[in-house]
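Here are the chains, one letter per residue:
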Amino acid sequence: MMTSRNHIMEQVYTVEAGNFVLAGEASGQIKKVLKQLGVDSNIVRRVTVAAYEAEMNMVIHSVGGELILKVTPERITVTARDRGPGIPDIGLAMQEGYSTAPEIARELGFGAGMGLPNIKRCADSLNMQSKVGEGTILEAYFDIKAR
Amino acid sequence: MEKYYHSVTLDKEKCRGCTNCIKRCPTEAIRVREGKARIIGERCIDCGECIRVCPYHAKIALTDPLASIQKFPYKIALPAPALYGQFRNVSINAILTGLLKLGFDEVFEVARGADYVTEFVNEAIKDPKRKKPIISSACPAIVRLIQVRFPELIDNIINIESPMEIAARLAKEEFCRKMGVKEKDVGAFFITPCAAKMTSIRNPIGIDRSWVDGAISILEIYGPLYNQISRLEDDEVLLQKASPHGILWANSGGESSALDMDNYLAVDGIQNVIRVLEEIEDEKLTDLEFFEGLACTGGCVGGPLVFENGFVAKNRIRKLSEQAKGRHLSREEVVDAKEKIQWYFEKPILPKPVMKLDDDITLAMKKMEAIERIYEGLPGLDCGSCGSPSCRTHAEDIVRGYASEMDSVFKLREKVKELAQQMIELSEKIPGGKTSNNGK
Ligand SMILES: Nc1ncnc2c1ncn2[C@@H]1O[C@H](COP(=O)(O)OP(=O)(O)O)[C@@H](O)[C@H]1O
Ligand code: SF4
Ligand SMILES: [Mg+2]
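Chains A and B, in that order, are what the protein sequence lines are. Position 80 of the first sequence, counted from 1, bears residue number 80 in this note's numbering, the numbering being contiguous throughout. Plus 1000 on top of the position in the second sequence (first one is 1) and you've got this note's numbering.
Accuracy of the hints is not assured; some may be wrong.
[Stated by the list, open to error] So the derived label-pair ranges between C-beta atoms look like this:
| id | chain 1 | residue 1 | chain 2 | residue 2 | range |
| --- | --- | --- | --- | --- | --- |
| 1 | B | D1155 | A | T14 | 34 to 40 Å |
| 2 | B | S1257 | A | G109 | 45 to 51 Å |
| 3 | B | E1332 | A | G109 | 41 to 47 Å |
| 4 | B | D1011 | A | I104 | 51 to 57 Å |
| 5 | A | F20 | B | N1089 | 47 to 53 Å |
| 6 | A | K32 | B | K1012 | 30 to 36 Å |
| 7 | B | R1275 | A | M114 | 21 to 27 Å |
| 8 | A | G109 | B | K1131 | 19 to 25 Å |
| 9 | B | R1052 | A | R83 | 47 to 53 Å |
| 10 | A | K32 | B | Q1342 | 19 to 25 Å |
| 11 | A | M114 | B | S1068 | 41 to 47 Å |
| 12 | A | E25 | B | I1040 | 26 to 32 Å |
[Stated by the list, open to error] Stretches of chain A that chain B covers, calculated by requiring three or more beta carbons in the stretch to come under 8 Å of a beta carbon on chain B:
| id | region |
| --- | --- |
| 13 | 13-22 |
| 14 | 43-52 |
Rather than coming from a laboratory, the hints here were simulated on the basis of the structure. Every residue, glycine too, gets a C-beta built ideally from N, C-alpha and C.
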């Protein structure tokens, strides 16, 4: 789905919990869109890495949600919004190596506890809010600087 | 050179405008317009997928005819290692001797050039400042693929010349010195398995001018060369010098296995390479040190211009490599070569972001929106009948101005329906039509 008004473009992708067949598809689409928009390749890479991590976190840790790409000529925003279960301690979750990933995710090579730190490293700024029982919203911002 | 020189071209007479090639092109560079295929020059990477897939042999590779070597007083043959896999029960030495009998004054194995490249790469890998994984520059189709589709990975491409260039430079340098002749009188000809190499001679990347003067396809030279080989006497001079490793470069994984490390990935077949490059770009393969990607299945043995079945050739190369008599390069030889020739790229590799919709992001966003709108009205069958590879690219083509909405049979059908309806309405308004008589 896509809407665009007054130089804002928004795309919304549904992310299913536990679906490893579709996992990575939303961030893959985001990468394609940004390349077509001619966004600097370094920014495309950072956005894609962050979007992928956020998408995988929703697949592995949440009950499902959506990944939203918003583009303006100045800024790209990737929002991951899920419907639960929420993160009790965001500070702890942000720590490198911290993970509550279940065994099946670890067997697939996930759960190194580097996802959130990676998002932080890639994004120009990051905003995260969570309420246990309600859900998590993560917003990663990327500036499109004129080079 | 010409801005978009390409070896891969269309034989218009033979093209029937089917949609086989447009669907297989990895850079979506082909369209069918007015019943004939058309290659978009700035997108084509000369990988040769369309040559392989065209049932009518309408996609061809322009290479130099064997007779073109006569333009030079002295001629050097530079056989790709893939040539060695083309003949049954024929030694490498016999193949090299056969080339001399065909009229070449000298042969220099590109496999020997590969031995040098291996040493140069081994040194480069040790540099901790290099972006990892280092990506091989051996296959020009992959280098071009990266320019077009993965510009972020350009800095990962190793800035070392290909075995073909190294071989040409060393061969010419040696020949001129030994024979006391001028370089302009010596022509070096690559015996090529592919169109991509031909293109990189005419329109090189990373250098201003190639040292190779022409490329003769393996397919073309196969017959005459076989003729010579079958008439050879036993007492051949020993010409084979490349090491077993250099010869293995014909196969996928050959380049990597010669390196001083095992943290590498060797992938063949352009679609497979694309999949892995996506992962490298997304930082999913962070512990990888070296990536070898070859456009053709099995490696150069599977090139579009080879004679023998690539799988058979691959196996032969493996055996020939085991029997190869050539030795590894000495430290002195490597140092000496570095002094004598230009062995690394002189110029940066530039991105070719042909996929982007506009230089101005605001306009690009507008175009993207228009594409989305058009796309929603298309059936999503990706049937190719509009001449574009998919409904999505058709929508893109319309927005980019490459196509008209009426190229789609579905849109045309809608339009015809609409027109038919308008005609009925019109006829009803004409005096004497149904309306005017209606019940009166
Ligand atoms: N969307 C989410 N919903 C619930 N918990 C999450 C979510 N994202 C991250 N977490 C929690 O934060 C931890 C750290 O996440 P991350 O750094 O991505 O590492 P990993 O995914 O490897 O566990 C996770 O193990 C999980 O407990
Ligand atoms: S794999 Fe070898 S034969 Fe195929 S395009 Fe690349 S260089 Fe040419
Ligand atoms: Mg994670």
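| Numbers of the earlier hints that this structure fails to satisfy, in rising order | The structure conflicts with hints 2, 10, 11 and 13, although it agrees with all the remaining ones.
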